[in-house]
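In terms of this note's numbering, the sequence shown opens at residue 4 and continues consecutively.
In short, the hints are calculated from the structure, not lab data.
Taking lysine to aspartate or glutamate pairs in the EDC-like style, the calculated list, with each CA pair at most 16 angstroms apart, reads:
{"id": "1", "residue 1": "337", "residue 2": "171"}
{"id": "2", "residue 1": "167", "residue 2": "346"}
{"id": "3", "residue 1": "355", "residue 2": "386"}
{"id": "4", "residue 1": "34", "residue 2": "48"}
{"id": "5", "residue 1": "249", "residue 2": "41"}
{"id": "6", "residue 1": "249", "residue 2": "48"}
{"id": "7", "residue 1": "155", "residue 2": "130"}
{"id": "8", "residue 1": "218", "residue 2": "257"}
{"id": "9", "residue 1": "155", "residue 2": "189"}
{"id": "10", "residue 1": "249", "residue 2": "215"}
{"id": "11", "residue 1": "271", "residue 2": "425"}
{"id": "12", "residue 1": "197", "residue 2": "325"}
Quick list of the computed label-pair ranges, beta carbon to beta carbon:
{"id": "13", "residue 1": "296", "residue 2": "423", "range": "14 to 22 angstroms"}
{"id": "14", "residue 1": "24", "residue 2": "337", "range": "41 to 49 angstroms"}
{"id": "15", "residue 1": "356", "residue 2": "382", "range": "19 to 27 angstroms"}
{"id": "16", "residue 1": "32", "residue 2": "423", "range": "26 to 34 angstroms"}
{"id": "17", "residue 1": "359", "residue 2": "419", "range": "18 to 26 angstroms"}
Since we're looking at a predicted model, the values are computed, not measured.
The beta-carbon is built from N, C-alpha and C at its ideal position, and this holds for glycine as well.
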Amino acid sequence: MAEPSGIRERQRELFVRKSTRVAASYLRRAKELADMPDAAESFFEALENTYVKLSNIQDPENRKSIGTLCVMVPAELIYAAGARPVRLCSGSYTAYSMGDDYIPRDACPLVKAVMGFGKIRALPAFDDCSLLIAPVTCDCKKKLAGVIDTVKNTVPLSIPPLKKEDADTAVFLKELYRLIPILEKETGKQVTAKSLAEAINMVGYAQREMSEFMKYRRHDPALMSGTQVMAVMNAYAYMPADRWAKQMHRLNSEMKLRLEQRHFVSRKNQPRILVTGSPIAFPNLKIPLLIEEMGGVLAADETCMGERGLSDPVSVIDAGFDGMMRALASRYTKPCTCPVFVDNTQRIYRIKQLIKDNHIQGVIYHVLRGCLIYDYEYQLVEEAMGEMDIPIIRVESDYNEEDVEQLRVRIEAFIELIKLKEYKKEA
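Please build the complete structure, drawing on both the sequences and the hints.
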């Protein structure tokens, strides 16, 4: 049954009033944490335009927007069809609370926020998308693909639960081929070998710049606040890949200069923290902010809205169309460490590697309330950290701010524990 227009209008007014204020507050706090690099300003502007000014996403090529609900949707395929992907995984509490009227109480906040955007029609980044692509990963995303179709044309994308055998990659490859005519019909442009190669190179440029940036992020003391880094990574969802890559190139140049001038934003003895688990999606930056406001350094992350989304570039061996499609199918399944896969030992390996490369002294395992697949894996990660003698804490939260003080106490105690452990080592 259709909702009265008056109710929708009041919801829209509430979203504009409350959500824009919260987003602006998080951006301000992130900027104030440390001396933010000048080159990072463009990324913050992208988030501000999307969530505070509620403006349309600027695209010099005026391409259609295709919404994606997971990093497992190949951006290259969307660019090759003449459109541009917009990742709609959001941390908006206001949208989450409105989505609560349409999604079961125990569902995850991210799914509720997406549904909230669909119903209130107050976020141009969502409203401007002519099509949504929803990977069928966890149970909540699976049901969302059906429910969100009532407000926006949605294409479900099946993800194989296994990824070790070529047959598993072939299943996903078939799904990508099924997606091509749908995208072509939406954009009126054909996906060709030339357009696909150009798209792979464009996204690859962004991945190369991100890889270069990660070298600077590993430095101890830190050259940039980890919360600011998370904002930069989140901005990729709302910026064209080539524009994001150019800005990242500028940021890398500034990081190089900071290193040469020994311009650090942390002290040598500050506890270095890795965050893993459920996605940390803007505007919900409360966990990164609390880590750094309590004296820690967010030195690395293993999340799909952070480094993971731009790691593992496409490796093309056969430059033919089918060869590139197979390379895409392989890239978006085999190296992926999402717990949606049955065997996820790769994730443990990646976390261990991040700990080694980034001089990590403690791990915060973030679980969005209702996100069962990440919660399920906590014990495996905890056991692996015990073998490495790395302290770990599980932090469960959602998008509201009612638990901030409780989280502050726990995170502060965890950071003090790391300090004590390091002090005993040195004694």
